[in-house]
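J.: Okay, here's what each chain looks like letter by letter:
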Amino acid sequence: MIAREQLFDRDKAKLDEAPPTLQQDLIEALRLGFISILVMLAAGFLFSGVIGPLFALGSVEETVTDVLTRLALLALPFVAYIAAASVARRYTSSDAPRALLLAFVPTVLIFAVISAGQYALDYGVFAPRQSLQMTLSQTDVGVRVDAIVPGGAADTAEMQVGDVITAIRRDEVDLAALNLRLGQAEEDDPLRLLFMRGDEEMQETVRVAIVSDKQVGALLPGFVFALVFTAIILFLPGNWAPYIALVGLMTPLLVGYFWVIVATFSYRTEGLIPLDSSDNFGGFTLENWESIFVGNIAGLEFNIWPILLTSLAIAVIMTFVVLLVSSMAGYALSRMNFPGRRFFLSFTLILHGFPAITLLIPIFIVLLRLGSIPVIGDLIGFNTAGGIAMVMVAFQLPLGVWLMKGFFDNIPWDMERSALIDGASRFRTYWEILLPQIRPGLLALGIFAFIGGWNAYIIPATYSIGSGVSNLPVFLNELIDETAPVDWNQVAAVGLFQLIPIFIFFIFAQEYLLNIYAGGTKGSS
Amino acid sequence: MKVTIDNLSKKFGDVVGVENLTLHIDDGEFVAFLGPSGCGKTTTLLTLAGIYKPTDGTITFGERVVNQVQPKDRNIGMVFQSYALYPHMTVFQNIAYPLKLKKVSKADQHDRVRQVANVMGIGNLLDRRPGQLSGGQQQRVALGRALVKEPDILLFDEPLSNLDARLRLTMRGEIKHLQKNLGITSIYVTHDQVEAMTMADRIAVMSGGRLQAFDSPDELYNRPKTQFVAGFVGNPPMNFVTVEVAQANGRYVAQAESLRLELGAERGEPAARSAGAVVLGMRPEDIQISDEGDVAGEIFIVEPLGREDLIDVRVGPHSFIVLANTETQYRSGDPVKLKFDTGQVQFFDPATESSLLWQQ
Numbered sequence: 001m002i003a004r005e006q007l008f009d010r011d012k013a014k015l016d017e018a019p020p021t022l023q024q025d026l027i028e029a030l031r032l033g034f035i036s037i038l039v040m041l042a043a044g045f046l047f048s049g050v051i052g053p054l055f056a057l058g059s060v061e062e063t064v065t066d067v068l069t070r071l072a073l074l075a076l077p078f079v080a081y082i083a084a085a086s087v088a089r090r091y092t093s094s095d096a097p098r099a100l101l102l103a104f105v106p107t108v109l110i111f112a113v114i115s116a117g118q119y120a121l122d123y124g125v126f127a128p129r130q131s132l133q134m135t136l137s138q139t140d141v142g143v144r145v146d147a148i149v150p151g152g153a154a155d156t157a158e159m160q161v162g163d164v165i166t167a168i169r170r171d172e173v174d175l176a177a178l179n180l181r182l183g184q185a186e187e188d189d190p191l192r193l194l195f196m197r198g199d200e201e202m203q204e205t206v207r208v209a210i211v212s213d214k215q216v217g218a219l220l221p222g223f224v225f226a227l228v229f230t231a232i233i234l235f236l237p238g239n240w241a242p243y244i245a246l247v248g249l250m251t252p253l254l255v256g257y258f259w260v261i262v263a264t265f266s267y268r269t270e271g272l273i274p275l276d277s278s279d280n281f282g283g284f285t286l287e288n289w290e291s292i293f294v295g296n297i298a299g300l301e302f303n304i305w306p307i308l309l310t311s312l313a314i315a316v317i318m319t320f321v322v323l324l325v326s327s328m329a330g331y332a333l334s335r336m337n338f339p340g341r342r343f344f345l346s347f348t349l350i351l352h353g354f355p356a357i358t359l360l361i362p363i364f365i366v367l368l369r370l371g372s373i374p375v376i377g378d379l380i381g382f383n384t385a386g387g388i389a390m391v392m393v394a395f396q397l398p399l400g401v402w403l404m405k406g407f408f409d410n411i412p413w414d415m416e417r418s419a420l421i422d423g424a425s426r427f428r429t430y431w432e433i434l435l436p437q438i439r440p441g442l443l444a445l446g447i448f449a450f451i452g453g454w455n456a457y458i459i460p461a462t463y464s465i466g467s468g469v470s471n472l473p474v475f476l477n478e479l480i481d482e483t484a485p486v487d488w489n490q491v492a493a494v495g496l497f498q499l500i501p502i503f504i505f506f507i508f509a510q511e512y513l514l515n516i517y518a519g520g521t522k523g524s525s
Numbered sequence: 001m002k003v004t005i006d007n008l009s010k011k012f013g014d015v016v017g018v019e020n021l022t023l024h025i026d027d028g029e030f031v032a033f034l035g036p037s038g039c040g041k042t043t044t045l046l047t048l049a050g051i052y053k054p055t056d057g058t059i060t061f062g063e064r065v066v067n068q069v070q071p072k073d074r075n076i077g078m079v080f081q082s083y084a085l086y087p088h089m090t091v092f093q094n095i096a097y098p099l100k101l102k103k104v105s106k107a108d109q110h111d112r113v114r115q116v117a118n119v120m121g122i123g124n125l126l127d128r129r130p131g132q133l134s135g136g137q138q139q140r141v142a143l144g145r146a147l148v149k150e151p152d153i154l155l156f157d158e159p160l161s162n163l164d165a166r167l168r169l170t171m172r173g174e175i176k177h178l179q180k181n182l183g184i185t186s187i188y189v190t191h192d193q194v195e196a197m198t199m200a201d202r203i204a205v206m207s208g209g210r211l212q213a214f215d216s217p218d219e220l221y222n223r224p225k226t227q228f229v230a231g232f233v234g235n236p237p238m239n240f241v242t243v244e245v246a247q248a249n250g251r252y253v254a255q256a257e258s259l260r261l262e263l264g265a266e267r268g269e270p271a272a273r274s275a276g277a278v279v280l281g282m283r284p285e286d287i288q289i290s291d292e293g294d295v296a297g298e299i300f301i302v303e304p305l306g307r308e309d310l311i312d313v314r315v316g317p318h319s320f321i322v323l324a325n326t327e328t329q330y331r332s333g334d335p336v337k338l339k340f341d342t343g344q345v346q347f348f349d350p351a352t353e354s355s356l357l358w359q360q
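One line per chain: the protein sequences are A and B, in this order.
If you count the first sequence from 1, position 135 lands on 135 in the numbering used here, and the numbers rise without skipping.
If you count the second sequence from 1, position 247 lands on 247 in the numbering used here, and the numbers rise without skipping.
FYI, nobody ran anything at the bench for these hints, they're computed from the structure.
Fair warning: there could be bad hints in the mix.
Straight line, CA to CA, 27 Å or less: simulated DSSO-like cross-link-like pairs of lysine-lysine [stated by the list, open to error]: (1) B/K180 to B/K102; (2) B/K102 to A/K405; (3) B/K2 to B/K180; (4) B/K2 to B/K53; (5) A/K405 to B/K2; (6) B/K2 to B/K176.
Covered by chain B, per the in silico footprint, the following chain A stretches (three or more residues, Cβ under 8 Å) [unchecked claim]: (7) 267 to 279; (8) 384 to 398; (9) 421 to 427.
Predicted, not measured: the structure shown is a model, and the values here were computed from it.
Beta carbons: idealized from backbone N, C-alpha and C, even for Gly.
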């Protein structure tokens, strides 16, 4: 009873508490911001000062801790801004001026503190950088020298104000290209500059210097960015955050897919931009696709249809055999009691964990022997789609059996008993009553098997050496191996061609697939 | 059809499911298997269905020994607690499934399913799937599926346990009515003694894999042959007290600490014949709180049931559950007097737990 009253009193106290004043909020925002800075610094130190040296003790060469340190330091200001703005977000809808004040005052202060730190430690925008110690600007005729630091690298090389740089050695440059080259250079690297002094073409070798100029003006873009960032954090609806994170993480993947599609329809690409032979935007072509069907890519002659058929045969045989055998074995393991059941169960698990690659040579010999048997050899021997499919099935089965056993375990015994009493034989019960219950499982396993078979590389490549039996992935590799120079747009076209059946498969299976994730079987009883 | 279970045992490895069960069930009889969880009643039912093979003993349907007969050849219908409907089939397909397996023609299937569905009151639901039905409707579909093939024997495995209390009451009546009309030998497994008492012609009370009693509800209630049966049948359960019964001057007296009951000769005499302590059993409805009572006690707790109150009265170290009407406003701690209807008293041997009054 006493405890309850205390509890009640505390709730009441909380309700009675006055809302925090602006000053209190500001202090909280700043506190959160600076705690974040300390946390991120601690994280950076943990990676670079503790974990990195620990690895080094064991003579392990690694760059992960280094990358993590840089990431921590890169994220440091953003985390601090987010932490500080989280206080302001409480007022975004109710009291906008207060929210703005609460968001931007800490941002400015945090920016100042971080910048001061960077200044003191020669880090970030104040880090020493490669420089030719002259001021340059882009003009129509070339890069003009506007000013020269006395006694600096350019001065030593006897560059003069008014020189117009046109090339480094023989490569023509503009200001951006020059800066790029400079950024890649190390201290004391010689850059041989070709420039015009008046009408005279001259050459001088300027050695790259590393200077730390600490120009406060360099802070401005960062400052503007910090303010914009804070504003975004302040007004971003909370439920967008997961989507932004997801899109951010997915972008590299999507860009990759986008490139594949663009590449297959263009002559060549620079990044994501399709280009024609004279480096202008454009150059769209269907040639990449045409050559697949014509059967000639960079002189390599082939017929795509048998290759496609082999891929299909492997995938389809694999899907059907895996589904049939896995579901029957899974049923037996789930429902029947027989000697060796436990051993078999644990053994399949071990098999599943066994690396298939180690069996390549023994299976090679088995297939070779099988191949010399009449009739059977033509079906499942060496250099046949059947043989390849059989090996792939064997490797897929342990997973399939386990998966199916799990699905059968979830079907109530009563349903099976009911079917038996209704007059069904054991096989009919399995086929008509139980299999429909595990349809989502069958579909999932079927997809695994189909995609596994369709994309199979190692096994088809090993067991169809030098024969006409190759599937698409093996062909794709041949394409890269035997054409020089490799036409990546052609390779992309074949890759995308290989994806088409999977796309079709998914479009038709979509409804069932969604069903898998939306709760398995329907009608729970 | 007559069902004879002779000396049936079913063991799972070292675990005993049922042991030495012998039962004779008459044609058209409605028998309930009653017992707590794990007493072997469902095991017995599944053995009758042919899902389990007996370890020992024989099962005879009519004149046919069915020990090795497959479930599909036994011509039985079964209703499960979980209904066990096939979720991927419509109600029609569910009910028609046994007929389809019997290779009944499509037209006949259609007629018979319609007929059964109409009897069960689910004629308008034939196109639905089980997932779209309420619990009660699913129950009717399951019953329809069991009935459609006109089975010789109907088996029920706690079919009402998953229904709400009100629906359970309705279905109880319907199943009993249906069984009487069709005259199909039925075996009904339940742990709910009210269900067993209200529906069954005879009840087989089981405990620990053994048959405790096999009798009509009335016999089980009034003449329990073991202490287990006395305690399990009847709600609220019977009160038990260990007493000593002595004869003095032609009168029989049961005595324990703080408790002294005078008995009639008819029930006192067999109890007095047994030397030493005996277990006295008394149903709550046979004890009254009354000023005329001769046993003083104190109310420990009052549980209102609506129609009446369930009152736990402490007499010395003993506790008696008593039923009282709700008009009496008793409170915990009130001193009361109890009046025992000693004409209804039961006596059991504390060692063997068998009744001293009624012989097995």
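J.: Hint by hint, which ones does this structure get wrong, listed from lowest number up?
T.: Checked against the structure, the hints that fail are numbers 2, 5, 7, 8, while the rest are satisfied.
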